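With the hints as your guide, set chain W onto chain A.
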Amino acid sequence: DSGVTQTPKHLITATGQRVTLRCSPRSGDLSVYWYQQSLDQGLQFLIQYYNGEERAKGNILERFSAQQFPDLHSELNLSSLELGDSALYFCASSVTVSGNTIYFGEGSWLTVV
Amino acid sequence: GNSVTQMEGPVTLSEEAFLTINCTYTATGYPSLFWYVQYPGEGLQLLLKATKADDKGSNKGFEATYRKETTSFHLEKGSVQVSDSAVYFCALSDRRDSSYKLIFGSGTRLLVRP
Numbered sequence: 001d002s003g004v005t006q007t008p009k010h011l012i013t014a015t016g017q018r019v020t021l022r023c024s025p026r027s028g029d030l031s032v033y034w035y036q037q038s039l040d041q042g043l044q045f046l047i048q049y050y051n052g053e054e055r056a057k058g059n060i061l062e063r064f065s066a067q068q069f070p071d072l073h074s075e076l077n078l079s080s081l082e083l084g085d086s087a088l089y090f091c092a093s094s095v096t097v098s099g100n101t102i103y104f105g106e107g108s109w110l111t112v113v
Numbered sequence: 001g002n003s004v005t006q007m008e009g010p011v012t013l014s015e016e017a018f019l020t021i022n023c024t025y026t027a028t029g030y031p032s033l034f035w036y037v038q039y040p041g042e043g044l045q046l047l048l049k050a051t052k053a054d055d056k057g058s059n060k061g062f063e064a065t066y067r068k069e070t071t072s073f074h075l076e077k078g079s080v081q082v083s084d085s086a087v088y089f090c091a092l093s094d095r096r097d098s099s100y101k102l103i104f105g106s107g108t109r110l111l112v113r114p
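For the protein sequence lines, the chains are A and W, in the order given.
All the letters of the first sequence, read from the start, carry residue numbers 1 to 113 under the working numbering.
All the letters of the second sequence, read from the start, carry residue numbers 1 to 114 under the working numbering.
If we strip away everything but chain A, and leave its shape as in the complex, we get (with noise of 0.2 Å):
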């Protein structure tokens, strides 16, 4: 158990809906992290999050967004799903901004049918 809390554990929703999903880091960690696992991708980096500000974008889609909340829990908000969008989603969290190692979470698995 890494101590990163991820909910929820499977979603399935249709195209062109929109869903959230929730991360807790560590206790402790300031620094969290948006990853997307998909087949045809691998693991693919969207975002991080330092204290409550955005620090580092990677290829996260307009479509997406996320925010980190003042007790440092964080969502990633999916809008206008797509089938494409289907995807193992992980949330990481570190102590710092350059925390050495990450720790993920057991990721939430999205199903967009």
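Hints may be right or wrong, so weigh each one.
Said to hold, decoys possible - No more than 25 Å apart at the CA atoms, straight line, and that leaves these computed lysine to aspartate or glutamate pairs for DMTMM-like:
no.	chain 1	residue 1	chain 2	residue 2
1	W	K77	A	D71
2	A	K9	W	E42
3	W	K60	A	D71
4	A	K9	A	D40
5	W	K52	A	D40
6	W	K56	W	E76
7	A	K57	W	D97
8	A	K9	A	E106
9	W	K60	A	D1
10	A	K9	W	D84
11	A	K57	A	D71
Said to hold, decoys possible - Taking CB as the label site, the calculated pair distances span:
no.	chain 1	residue 1	chain 2	residue 2	range
12	W	D54	A	S65	34 to 44 Å
13	W	S79	A	D40	32 to 42 Å
14	A	D40	W	T70	42 to 52 Å
15	W	L111	A	D40	35 to 45 Å
16	A	T101	W	A53	30 to 40 Å
17	A	S79	W	K68	41 to 51 Å
18	A	G84	W	D54	22 to 32 Å
19	W	N22	A	T101	19 to 29 Å
20	A	I12	W	P40	13 to 23 Å
21	W	R96	A	W109	24 to 34 Å
22	W	E16	A	S65	31 to 41 Å
23	A	T101	W	D97	36 to 46 Å
24	W	S58	A	R63	34 to 44 Å
For the record, the hints were derived by calculation from the structure and aren't laboratory data.
If you're wondering where the values come from, they're calculated on a predicted model, not measured in any experiment.
The C-beta atom is built at its ideal place from N, Cα and C for all residues, glycine as well.
Here is chain W on its own, set in the frame of chain A:
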């Protein structure tokens, strides 16, 4: 930009065989290097890491040495078990200004047969 290249899988071995999974990287500066493992149906777990050249990371019988001269971080285990069957990801740290992330290789699936 920074990148990681892993050998393609699947790698199929018999129990107690020697394992090597190759990983090479391209990076500016001096990244840290990691191996993560994903067991079937589970999330990513940190297996081992090395933070500077010539460091050796080790855990659960797995080892990898940070080789700057060959830009490599190959994963090895002397005697694999069926329970080692998983997907292994090599990764490097990418630190820029006030941001930080890991860049992953494509993963190598290992299948160990009894």
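Checked hints:
no. : hint                       : result
1   : W:K77 x A:D71              : violated, 41 Å
2   : A:K9 x W:E42               : holds, 11 Å
3   : W:K60 x A:D71              : violated, 35 Å
4   : A:K9 x A:D40               : holds, 21 Å
5   : W:K52 x A:D40              : violated, 32 Å
6   : W:K56 x W:E76              : holds, 11 Å
7   : A:K57 x W:D97              : holds, 13 Å
8   : A:K9 x A:E106              : holds, 8 Å
9   : W:K60 x A:D1               : holds, 16 Å
10  : A:K9 x W:D84               : holds, 24 Å
11  : A:K57 x A:D71              : holds, 21 Å
12  : W:D54 x A:S65: 34 to 44 Å  : holds, 42 Å
13  : W:S79 x A:D40: 32 to 42 Å  : holds, 34 Å
14  : A:D40 x W:T70: 42 to 52 Å  : violated, 30 Å
15  : W:L111 x A:D40: 35 to 45 Å : violated, 21 Å
16  : A:T101 x W:A53: 30 to 40 Å : violated, 18 Å
17  : A:S79 x W:K68: 41 to 51 Å  : holds, 44 Å
18  : A:G84 x W:D54: 22 to 32 Å  : violated, 43 Å
19  : W:N22 x A:T101: 19 to 29 Å : holds, 23 Å
20  : A:I12 x W:P40: 13 to 23 Å  : holds, 20 Å
21  : W:R96 x A:W109: 24 to 34 Å : holds, 31 Å
22  : W:E16 x A:S65: 31 to 41 Å  : violated, 49 Å
23  : A:T101 x W:D97: 36 to 46 Å : violated, 20 Å
24  : W:S58 x A:R63: 34 to 44 Å  : holds, 42 Å
The earlier numbered hints that this structure contradicts are 1, 3, 5, 14, 15, 16, 18, 22 and 23.
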